[in-house]
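Colleague: Sequence:
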Amino acid sequence: MSTLTTSSVVSPRSALLAGAKVAAPTLLSIFPFGMITGVAAVSVGFSEALSVGMTVLIFAGASQLATIQLVTTGATIAAILLTATMINLRFMLYSASLSPHFSTLPLYWKLLLGYSITDPAFGMTIADLNERIPQQLKHWYFIGASGIIWVAWVVGTILGTILGRGVPPEWSLDFAIPLNFLAVLVPSIRDRATVTSALVGALVAIAAVRLPFNLGLITGALSGIAMGMLMETLLKRKERSHAE
Numbered sequence: 002m003s004t005l006t007t008s009s010v011v012s013p014r015s016a017l018l019a020g021a022k023v024a025a026p027t028l029l030s031i032f033p034f035g036m037i038t039g040v041a042a043v044s045v046g047f048s049e050a051l052s053v054g055m056t057v058l059i060f061a062g063a064s065q066l067a068t069i070q071l072v073t074t075g076a077t078i079a080a081i082l083l084t085a086t087m088i089n090l091r092f093m094l095y096s097a098s099l100s101p102h103f104s105t106l107p108l109y110w111k112l113l114l115g116y117s118i119t120d121p122a123f124g125m126t127i128a129d130l131n132e133r134i135p136q137q138l139k140h141w142y143f144i145g146a147s148g149i150i151w152v153a154w155v156v157g158t159i160l161g162t163i164l165g166r167g168v169p170p171e172w173s174l175d176f177a178i179p180l181n182f183l184a185v186l187v188p189s190i191r192d193r194a195t196v197t198s199a200l201v202g203a204l205v206a207i208a209a210v211r212l213p214f215n216l217g218l219i220t221g222a223l224s225g226i227a228m229g230m231l232m233e234t235l236l237k238r239k240e241r242s243h244a245e
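Following my numbering from start to finish, the sequence shown increments by one per residue and tops out at 245.
Calculated directly from the structure, the hints in this document are not laboratory data. Hints are not guaranteed to be accurate.
[Claimed, not checked] Below, computed lysine to any residue pairings styled on SDA-like, alpha-carbon distance capped at 25 Å: (1) 237 with 199; (2) 111 with 101; (3) 22 with 132.
[To be verified] Estimated spans, in silico, between C-beta atoms of each pair: (4) 22 with 70: 31 to 37 Å; (5) 209 with 15: 39 to 45 Å; (6) 96 with 241: 26 to 32 Å; (7) 109 with 70: 30 to 36 Å.
Keep in mind it's a predicted model, so treat the numbers as computed, not measured. The beta carbon of each residue, even a glycine, is placed where N, CA and C say it ideally should be.
Whenever a hint applies, use it, and build me the whole structure from the sequences.
Modeller: Here it is in structure tokens:
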């Protein structure tokens, strides 16, 4: 449970720092994940400039790794774009959830926030955005979280491109990928509805893992969200019936 209080976030600076603080635990996985991406990119022939440029432009680890893998297999540009798009569809779900918090902001803020959405930034901030952060400071809070993640991701990728093939296999940096998602998932599980939706989403994603274009992940996410909405509805009905 977050220790953040409304009284501790009273200015853009305090909101920025609070966002960075809440996202800081994820850096232990994001930094090595960035290194993995940098190493993978240069190992298949990408230049250092292209590897880092892709990281800055895309800012989405899963689709970057998928793109690198598809390049090594000689996939067409259309196949690469389609796969990356399917993997990143989850950001539409995140954006829909964040939209009520940022709907009154100028376009340039919306563009910046849209670019900066990541799994950990969303997972580590959404509860506080819903419950604790003053409306006029929510964008500063979110950009504080996503900003520190961006720095760790880009610096990790740069280091990975420098190391290149010199990283020994025994480092086993691939542990960072599941650790990254666990760091996001665990703080978000707070009640029966979130536990149930997480379990349903995970089971459906596992069952659908062989679907093409990474549709298993999207199917699991949508199933988990649907179950969470159903659980929330049932719990609210139960509370109303008890009140009557």
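Colleague: Does the structure break any of the earlier hints, and which numbers would those be?
Modeller: Checked against the structure, no hint fails, so every one of them is satisfied.
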